[in-house]
Amino acid sequence: MKHHILFLLLIAFTMLFTACAPVEDDIFTTARITVSGGNDVTITNVQAQVKLTNVNSRQVTTSADFNGASTTVEVLRGAYQIDIEGVATCQSAENVIRMRQFRCQSDYVEFIGRDVNEVTLNIIFLD
Amino acid sequence: MTNWVVTIASNADTALVEHLSLGQQPMLEAMRNPALHGPAYKTSFSQLALGIDVLHQSQAFVPEKGNGYSLPYLKVNTYHALNQRSTVWGEASYMTGKQHNVKWNSTSDYDLLQPYILADTLGGDTRRERYSISGGYAMSINRWLLGAEMLVRAEQEYRGHDPRMRGIVTDLTLRLGVGCDLMRYRLGAAIEGNIYKQTNSVAFYREEGVIPEYQMTGLGTEYSRFSGDKRSLYYDGGGLAVMLHATPINKNGFYADVTLDEHRYHRKLAEYNSMPLTDLYNEHTGATIGWKKEKGNRIALFGHFDYTRRTGNEHIGGTSDARYFPVIACLTMYKSHILETSGGALYGRGNWNINMTAGYREVSEEYVYPHRQMDASHVYCSLQGQCFMRPSDKCLLTLDARASYNANTGDKLQMPFANMNAAFTRLIQHKHQFATASYTDFGAQLRADYALKQSRYGLFAVVGGGMVLCSASEHQTSFHSSIGITF
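In order, the protein sequence lines correspond to chains A and B.
For the first sequence, position 126 (counting from the first letter as 1) is numbered 206 according to my numbering, and the numbering increases by one without interruption.
For the second sequence, position 272 (counting from the first letter as 1) is numbered 298 according to my numbering, and the numbering increases by one without interruption.
Treat the hints loosely; a few may be bogus.
What the hints assert, rightly or not - Here are some of the chain B residues that sit facing chain A, going by a computed Cβ distance under 7 Å:
1. S250
2. T337
3. Y350
4. I354
5. A355
6. T358
To be verified - Ranges between beta-carbon positions, derived for each pair:
7. R112(A) to A174(B): 37 to 47 Å
8. E234(B) to N125(A): 48 to 58 Å
9. R349(B) to P102(A): 19 to 29 Å
10. T311(B) to N125(A): 25 to 35 Å
11. P102(A) to S481(B): 53 to 63 Å
12. N147(A) to S84(B): 56 to 66 Å
13. D195(A) to A118(B): 53 to 63 Å
14. S464(B) to R138(A): 32 to 42 Å
In case anyone wonders, no lab produced these hints; they're calculated from the structure.
All values reported here derive from a predicted model rather than from experimental measurement.
For glycine and all other residues, C-beta sits at the position ideal for the given N, C-alpha and C.
Produce the entire structure from the sequences given, and follow the hints as far as they go.
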């Protein structure tokens, strides 16, 4: 009887200690967003504001720190709506360089990886 | 037999004093183990009571719990020794009544499930109805003790006007315990399993009066995507506890209790294929060590340590497909801990007992991002007294009195107020004001027992009240009364 009781207690203790709360403290990730002009236009420089809206919490993160056609933003891991508006230096297939107003938009992008999450958005010219 | 019984006239009085005595307080924790609950008393005692509990706060100390209640109840409890080796005990009760001015909470069992509740800014009075039943059995085989106990609670809380919240709770707890007499000590171990369910919804009957229901996620944050018109959810939970006890068999010597428990509660959206929204993990460790003596004067000295950690995970919903939301990630966003440590002494002589306790309590809550934090710490001291008096052969009076002071010793509040809407700001400021206040509490209760002539039945009446003065210039008054029979 003593052994049975000790065995039951051992099981209970094991269950209790293995049942500890699963803590996920790795809550941030890096989102690298690239503006693409497709096959016909090469984007060399961007001056724009990127607005990331967390789909679940509606929290908004903004950045205007573009390096070439890409920007890197530290965000909470999750799903985002992305809006970018600004001007870009565009080089056409005929090597004509122009400053053009543009916007990019995506309703749903997942940034859930723990490392860098890459996303490329197609440009929409406004002029 | 302990010496306070000497002055009491009948067997019924002996049972009454043994079961009501403040001197039993060091044993209460060990009595959670059904194997040790069995031999805890020498006498059988049963009671049927019809009573009412009333509480009123000039302003709600915790808005989610309202500013008062009036709760009439009918309760019967018994502890009966079947023979030298086995004991049964049980309790059945029905309670119904009103909870007043509940705001920022549309979910039942706030203390258990907070901060993951459904909430709105309007609130109002709610009606409560609770059925609870419990029963246990313990037996001894040579130096071994075995026991089992089951507790069932079914409760509903609802509001008869908009916003029409409804919470229906079922709560089942099962305990199995074992004890063993080893030299001068009775060692005990018990396991406890719990299953908890609540279905929770809010309805609006007036089309023009619909307000948003928030899926709260702690410290004034909400899960925006599923707030607003998502008003039907359920909670699925339960847990496990392990308890270890050591008590001196002759009630003179050192005693110790250790409890470890882990409970988890999952909040799911009923209208989106049971999409999990949040998981709450509640881990608790408690330990008491003490020394007591019941030979001659009753003396107990004890120290207690208690630590509770609450961790909240939020499930991140992906893109929907035919009302199905896949979970794409799970983040730990809410962290809280409660640390309590106290020491005390109990002294009893003849027909009176005094219990003094002093301690420190620290409550810390944190929402990880955007960072929010609310901490409060208190030191407290309390004094409880009890006296049994016999004005006549058939009458026994029991007077209980208490006084305590909780002094705030520290607080911290960090909130992104600039980015918060006005209603959430007011909620947090209100909660912070009362979490960091100092409280003075005092109260008394008088119980009169009358033994019927040549009968095993007795009549009793209880009346008591109390007052809490809060340093935030608010106060609380409470009253309770009951009448019934003992047998």
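Results for each hint:
1. Here the hint on S250(B) is kept, as its CB sits about 4 Å from the closest CB of chain A, short of 7 Å.
2. Against a cut-off of 7 Å between C-beta atoms, the interface hint on T337(B) holds, since the closest Cβ of chain A lies about 4 Å away.
3. A distance limit of 7 Å between C-beta atoms decides the matter here; for Y350(B) the minimum to chain A is near 15 Å, and the interface restraint is violated.
4. With 7 Å as the threshold, the beta carbon of I354(B) comes within range of chain A, its nearest partner Cβ sitting at about 5 Å, so the hint holds.
5. At its closest, the beta carbon of A355(B) sits 5 Å from a beta carbon of chain A; the interface hint therefore holds under the 7 Å criterion.
6. The beta carbon of T358(B) comes within 5 Å of a beta carbon in chain A, closer than 7 Å, and the hint placing it at the interface holds.
7. For R112(A) paired with A174(B), a C-beta distance near 60 Å fails the hint of 37 to 47 Å.
8. Checked against the hint of 48 to 58 Å, the pair E234(B) and N125(A) passes, with Cβ atoms roughly 53 Å apart.
9. A beta carbon spacing of about 27 Å between R349(B) and P102(A) agrees with the range 19 to 29 Å that was offered as a hint.
10. A hinted range of 25 to 35 Å is violated for the C-beta pair T311(B) and N125(A), which are about 58 Å apart.
11. At roughly 59 Å, the beta-carbon separation of P102(A) and S481(B) lies within the given 53 to 63 Å, and the hint holds.
12. At about 59 Å, the beta-carbon gap between N147(A) and S84(B) stays in the expected band of 56 to 66 Å.
13. Our hint of 53 to 63 Å for D195(A) and A118(B) holds, since their Cβ atoms are close to 58 Å apart.
14. Take S464(B) and R138(A): their Cβ atoms lie about 38 Å apart, and the range 32 to 42 Å holds.
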